[in-house]
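Visitor: Listed here are the chains, written in short residue letters.
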Amino acid sequence: MTVSIQLEVNGKPVQAAVEPRRLLVHFLREDLGLTGANIGCETSLCGACTVLLDGDAVKSCTMLAAQADGASVTTIEGLAQNGELHPLQEGFWEKHGLQCGYCTPGMILSANYLLAQNPSPNDEEIREGLKGNICRCTGYHNIVEAVKYAAERMS
Amino acid sequence: MAGVLGTSIKRREDPALITGRGKYTDDLKVEGMAHAAIVRSPYAHARIRGIDASAAEALPGVLAVLTARDVAAAGIPGVVPVGWLLPDLKTPAHPMIAADTVRHVGDAVAVVVAEDRYLARDAADRVAVDYEPLDAVADVVAALEDGAPAVHEEAPGNVAFDWEIGERESVDAAFASAAHTVELDLRNNRLIPHAIEPRAVLASYDSSTGEMTIHMTSQNPHVHRLLMTLASLGMPEHKVRIVAPEVGGGFGSKIHHYADEAIVGLCSMKLDRPVKWTATRTETNLTDAHGRDHSTHCALALDADGRITGLRVDTAAAMGAYLSTFAPAVPTYLYGTLMSGQYDIPAIHCHVTGVFTHTTPVDAYRGAGRPEATYVVERLMHLAGDATGLGPVEVRRRNFVPPDAFPYQTQVALAYDSGNYGPAMDRALEMIGYDDLKSEQASRRDNGGKQIGIGFSSYIEACGLAPSAVVGSLGAQAGQWESADVRVHPTASVTVYTGSSSHGQGHETTFSQIVADRLGIDPEAVEVIHGDTDLVQFGMGTYGSRSAAVGGSAIARSVDKIIEKGKKIAAHLLEASAEDLEYEDGSFRVAGSPDRSLALGDVALQAYLAHNYPDDLEPGLSATSFYDPANFTYPFGTHVCVVEVDTETGSIELLRYAAVDDVGNVINPMIVDGQLHGGLAQGIGQALWENAVYDESGQLVSGSLMDYAVPKIHNLIPFELDRTTTPCPHNPLGVKGVGEAGAIASPAAVVNAVVDALAPFGISHIDMPLTPEKVWRAVNS
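Taken in order, these protein sequences are the chains called A and B.
According to my numbering, the stretch in the first sequence is residues 1 to 155, in order.
According to my numbering, the stretch in the second sequence is residues 1 to 781, in order.
Just so you know, not all the hints are guaranteed correct.
Claimed, not checked - Listed below are several chain B residues computed to face chain A (Cβ distance under 7 Å; list not exhaustive):
1) 701
2) 705
3) 718
4) 723
5) 761
Since the hints were made in silico from the structure, they are not lab data.
Heads up, the beta-carbon is just placed ideally off N, CA and C, and yes, glycines get one too.
All chains should be built: construct the whole structure from the sequences, respecting the hints.
Guide: This is the structure we're talking about:
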């Protein structure tokens, strides 16, 4: 049995028939080939699978593809515009905000949501805003710097 | 290019990773790919009475269900080997798939292969395994008690090995005449590595060629190929290619050869089609080798002046249910040999019992033995500061190996090549504002309320693993050199093929800096290839903070060979003697005749044309090196942690963390700092939050991120870093290694800080992790 869904992914319309139990992250990764959203756990805690759903940061491993019907999804692949890196992408590169890179797409998209809510967060607000995303490499020190860099660039 | 070494150039790895284009193993998709799910034991110890796979096999789309019977029928070795042997080590077999007994929760019992990931999981749940549960023992101390359930018949008393280093008699004598002694019983808590990318493998066997390509999460593809072919699958080594694509962190967990990867290889061979398996977080936590898990009694003897006269250590170290790849080396040669710390200690004895328990195997995890040793030594030094009245700073200073004593031969085998420990301590005190903090502490002690504590950790590590002859004499079944093949192309751009295999460390960036500096060219003209056994001839991989010191040195040596060959070609073309040629800023020049010179590109082109060429030289401009270091490297430093402890609730707040590290020459400061940050987070995590907890039946009750507390961003604070620089004297780059330093130093600094805060309560020790409950209980007991 499948359900048919229609949504927008990175600005492009997508139509698909999916198993009702198919997770959004598997739909994005395996059916659409958008492998930027990664899977690091099955308990909605690591945040590596974070994508934007109608502008909200959501963990795509704990959402069904069917629930995304009618929504607009942005993945890390859709963040750069016209070949220009998003300021957050630049910030993570400039400030060494990533090492292995596995958590990075989710971290950047969560930061994107944070900056949409609060364009000039202080350190504490950045740390509060990103606590749903785990990074095991950086100790977070440079992630805070990367987000500050982006906030300055975007202001 | 001059000045490129020691410069924070941005990482070339990042553009792919920040745009989602980096390809990790689970991102890969190949034609005809099937999916595997592994059926695992829910019991820590049980006999398998029977397996009924019929319900799984009946599901449409299920391709195969394999058990130990199929491993036997395949006529392959079918085991997971241990790669480091100690004298009298008990080495019970570790079958790829458990045949009649399971020995830890998560032990593989069967594997299901299906057309789809979801279907494979469904089918795995339909495999009915009839278990007869048996008594289990998960605790390292309980496993040594009389009558404890046996993990292996071959290992009476659950003892895997009994190992010692140093002289017991001289230590006994030191204690007999000591003016001060301090002692401690401690647990070094078991940790789960938690690379955010779970382990994964895509094995593609092709019966028409007899070849198999395996993409997998690996820190050392050649080591994996060797163990996979030799001990597990019995395939010829040259028929197997292992590729590590992007690897999402390792911290040791992706060094080891595991059953699961071999099982997936067997599935691909059986079905003659590609098979992929990706661990769930729970699976990876049940099967990735864990770290630490020691129970230790230790004691320090000092004379009336506060000089250390003896150190005694007795440790029971958990091995888990089977001996993992390098497991026996971790609590022995990477632990007992570090017991001298930064100190001149005339008598040391360290005794270690390796213990089988019904738990996930334990092996190298970031620091591997050295954090445990540092924790022992630096906790004792804290107590010694109190016992002697000298305080934590002076007792350390008084015992530092003096700068004129290097090379310094310790009593536990290692010879420190270089060091200068005082300046790192001085700088750390300055950064933290020690005197002001002491006054603040005194006033809080007078006034009550939240207390502050200041903790020190002056650590040493032995890294850059390591001289092959030395590790061979100690039981390693592998060499510890590194290879580098450097090829200068006809247009003077360069490709480096390195045996170091990056998984987040930024090798491509730093290795290009090494070549660019030595060859006087732009780093952008250097490509770095790693992580593929078909491209790189052999490599030992990335672990033990070895990639810059060993892998980087191999690259430097190859570049030097290229320059030597280039001089001969240039001398021929310039009609000069090769001895008169100099190489500088990308050009070969005749000494004293600056107008007679050839650029690297001119020489490279001629090397490939070979039209006008020395008779005694082969064409081409490339060089291969196998660099085997003369010694370990010995990074060191002093870390200071400041905490605030709420004695009403037991909660701890990190206020400051300052680290002064000496990692020798630095190739890319930004990357070095990043490595320190990450190590600090893991070490602070161990001290305050992380704990792999087994219940009495051997269930891992902290097996998911719901209950295993990996540090999150709001738990941590900005780190304050600085460096001193004492170059390594025995490698061409003067580098030492930095990957593990943060994790080695920080647990002791944090615990010392908390204990310091609680000194007015008469508390001298609390075992990690220092949860509010433990702190509160200590304060209220």
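Visitor: Now tell me, hint by hint, if it's right for this structure.
Guide: Each hint tested on the structure:
1. 701: Nearest chain A Cβ about 14 Å off; hint violated.
2. 705: holds, 4 Å
3. 718: Since the shortest Cβ distance to chain A is 6 Å, the answer is holds.
4. 723: Residue 723 of chain B check fails; min Cβ-Cβ to chain A is 16 Å, beyond 7 Å.
5. 761: Violated, because the Cβ-Cβ distance from residue 761 of chain B to chain A comes to roughly 30 Å (cut-off 7 Å).
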